[in-house]
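Engineer: Protein chains in written order, with our numbering: chain A, 1 to 321; chain B, 1 to 295.
Just so you know, these hints were derived from the structure itself, not from any lab.
Hints should not be assumed to be uniformly reliable.
[Said to hold, decoys possible] Only some residues are given here: those of chain B computed to face chain A with a beta carbon under 7 Å: (1) I75; (2) Y102; (3) R119; (4) F235; (5) S271; (6) N272; (7) F276; (8) I281; (9) V285; (10) P287.
By construction, the Cβ of each residue, glycine as well, lies at the ideal position given by its N, Cα and C atoms.
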Amino acid sequence: MERVAEPVRSAAPVRTWSEPLAFAVLVAILVLAPFVTYPLFVMQVMCFALFACAFNLLIGYVGLLSFGHALYFGWASYVCAHAAKAWGLTPELAILAGTLTAAAFGLIAGVLTIRRQGIYFAMITLALAQMMYFFALQAKFTGGEDGIQAVPRGRLFGIVNLHDDLAMYIVVLAIFLGGFLLIHRIINSPFGEVLKAIRENEARAVSLGYKTERYKLMAFVLSATLSGLAGSTKAIVMQIASLTDVNWPMSGEVVLMTLVGGLGTVFGPIVGAFVILAMQYKLAPVGEWVLVIQGVIFVACVLLFRRGIVGEVAHKFGIKL
Amino acid sequence: MFEIFGIPSQALFGQLLIGLINGSFYALLSLGLAVIFGMLNIINFAHGAQYMLAAFTAYILLTSFDIGYWPALVIAPILVGIFGMIVERLFLQWLYKLDHLYGLLLTFGLALIIEGTARNYYGSAGLPYRVPDSLQGGQNLGFMFLPNYRAWVIAASLAVCFGTWFLIERTRLGAYLRAATENPTLVRAFGINVPRMITLTYGFGVALAALAGVMAAPIYNVSPQMGSELIIVVFAVVVIGGMGSILGAIVTGFGLGVIEGLTKVFFPEASNTVIFVIMAIVLLVRPTGLFGRRA
Chain A
1 MERVAEPVRS
11 AAPVRTWSEP
21 LAFAVLVAIL
31 VLAPFVTYPL
41 FVMQVMCFAL
51 FACAFNLLIG
61 YVGLLSFGHA
71 LYFGWASYVC
81 AHAAKAWGLT
91 PELAILAGTL
101 TAAAFGLIAG
111 VLTIRRQGIY
121 FAMITLALAQ
131 MMYFFALQAK
141 FTGGEDGIQA
151 VPRGRLFGIV
161 NLHDDLAMYI
171 VVLAIFLGGF
181 LLIHRIINSP
191 FGEVLKAIRE
201 NEARAVSLGY
211 KTERYKLMAF
221 VLSATLSGLA
231 GSTKAIVMQI
241 ASLTDVNWPM
251 SGEVVLMTLV
261 GGLGTVFGPI
271 VGAFVILAMQ
281 YKLAPVGEWV
291 LVIQGVIFVA
301 CVLLFRRGIV
311 GEVAHKFGIK
321 L
Chain B
1 MFEIFGIPSQ
11 ALFGQLLIGL
21 INGSFYALLS
31 LGLAVIFGML
41 NIINFAHGAQ
51 YMLAAFTAYI
61 LLTSFDIGYW
71 PALVIAPILV
81 GIFGMIVERL
91 FLQWLYKLDH
101 LYGLLLTFGL
111 ALIIEGTARN
121 YYGSAGLPYR
131 VPDSLQGGQN
141 LGFMFLPNYR
151 AWVIAASLAV
161 CFGTWFLIER
171 TRLGAYLRAA
181 TENPTLVRAF
191 GINVPRMITL
201 TYGFGVALAA
211 LAGVMAAPIY
221 NVSPQMGSEL
231 IIVVFAVVVI
241 GGMGSILGAI
251 VTGFGLGVIE
261 GLTKVFFPEA
271 SNTVIFVIMA
281 IVLLVRPTGL
291 FGRRA
């Protein structure tokens, strides 16, 4: 049976030149990007790239497909927007509030969902996310159909004015790279090795004495927290939190980004987020056809292109990416 | 007119009836999902989209070809069932050897394609579909008014559900089906064409969703998002009931519909979420679901 991600070949990760090189290229692109293209677009890509990386932590390294990650992204975005607008918190505290909300929801949802696996896991995460969508629809503070608009970006630590796009860009870049390196650290730590062992053969991991449910729960909470970090940052950058962020198509979109980029690859989710967002911008005039095109990409990826863009490149050149 | 727990009986029985109607659709759809999952090991995310597709087929048959409800009740499931079989041959058959999650992802993509196409041509607003003349009006039962069409939907879906149960659990064809679910290789060795059976099973499961779609058209408006809203609730129903038993799927479907209807009477704010809350509780108490067999 072909797995969702490529099996691990060696016990200890071999140090390769490809990952640091790719990382250097990524940083170079992100440093130069705001001078070449719209900074707002690149910031949005970074938010969704972090979201997709957080999602990939679960599907790529534990083999769990969550179909409800919009819950953490969207609710963190709401809480962050509310904290910045209604409570007047500084942006870093607002983002922290949103991220902690996502962590708490992740813990509750994780306890419920890790009891089931595979297909059931996907359905349960989707159903829980839909429940929280209805709460967001009915709650007063979310503003219902309007969402929370005109969220102030505020001053970082009360000093740096984030309404300046360049300052905002640097903050988002720092958050994105911080989150990315944290995920990279997690998957290469002993903890990450146990996660991969669970993905490969859970029964075996149990027989080796690992309490696999705890590892899976921990991974789930980490993934939810980082998704929350991405959602909170997005609320500050785009200055809006809305039902779109918390509804099921958003959960599908993050799956699509990761799938296009490459499940279980380090850089795949970033490439995927860029490709999907760029496509949405280019195709904005054709309206609802975007949905159809996304569907076609899903089908094409699953049938012909299961490694994703980065996965294919890595496979072709026999390197780790 | 009398009152129960301070609620007028009309409102209570009215919501109970709506609950039974919703329950009929939950049961039909979760039954289709369970049948497909049993044979193909795929969770058919496109189930809701196929249900919607059938409602639109009935709408188009009526408005463009002047073909009424009764013929549509037969034609739409056949057309959508054939569409399902084509999908299975073109796409799904390549996924059986892969992780089950790929089936979910592919059918999710299909659902997006179908829903997006419908939205492009018909917008997001609901289109009305008239109740057929032969089922207009209703019966006054003394304690409530029972519209004929709603009575028909409940009776028809009960009949279809138990017919499906009988087909799978009590006939020779059903025995082949259950055997092929357990061990396809061995069943093939006995000379039974398992791939064709898989195709037909998928077509049958999709046709069940299509039947529900046509029956739903006069009750809810025909709209592109009618399927995606429903399918997520049906997923929760499937998690609660477990997919191990057909009777379990039927009982859970109707039961949860009724509970949802009652919630609308006593605590309207929670009516959208009650099924998900029940799912969470069931997961805490019985992680395998109420009728689940496997640990």
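Engineer: Could you run down the list of hints and mark each one as holding or not?
Structural biologist: We went through each hint and held it up to the structure:
1. I75: Violated - the Cβ of I75 of chain B stays beyond 7 Å from chain A, reaching only about 25 Å at its closest.
2. Y102: 5 Å, holds
3. R119: 4 Å, holds
4. F235: 4 Å, holds
5. S271: 9 Å, violated
6. N272: 4 Å, holds
7. F276: Status holds, d = 4 Å.
8. I281: 9 Å, violated
9. V285: Given a least distance of 11 Å, the restraint on V285 of chain B is violated.
10. P287: Nearest chain A Cβ about 4 Å off; hint holds.
Hints 1, 5, 8 and 9 from the list above are not met by this structure, while the remaining hints are.
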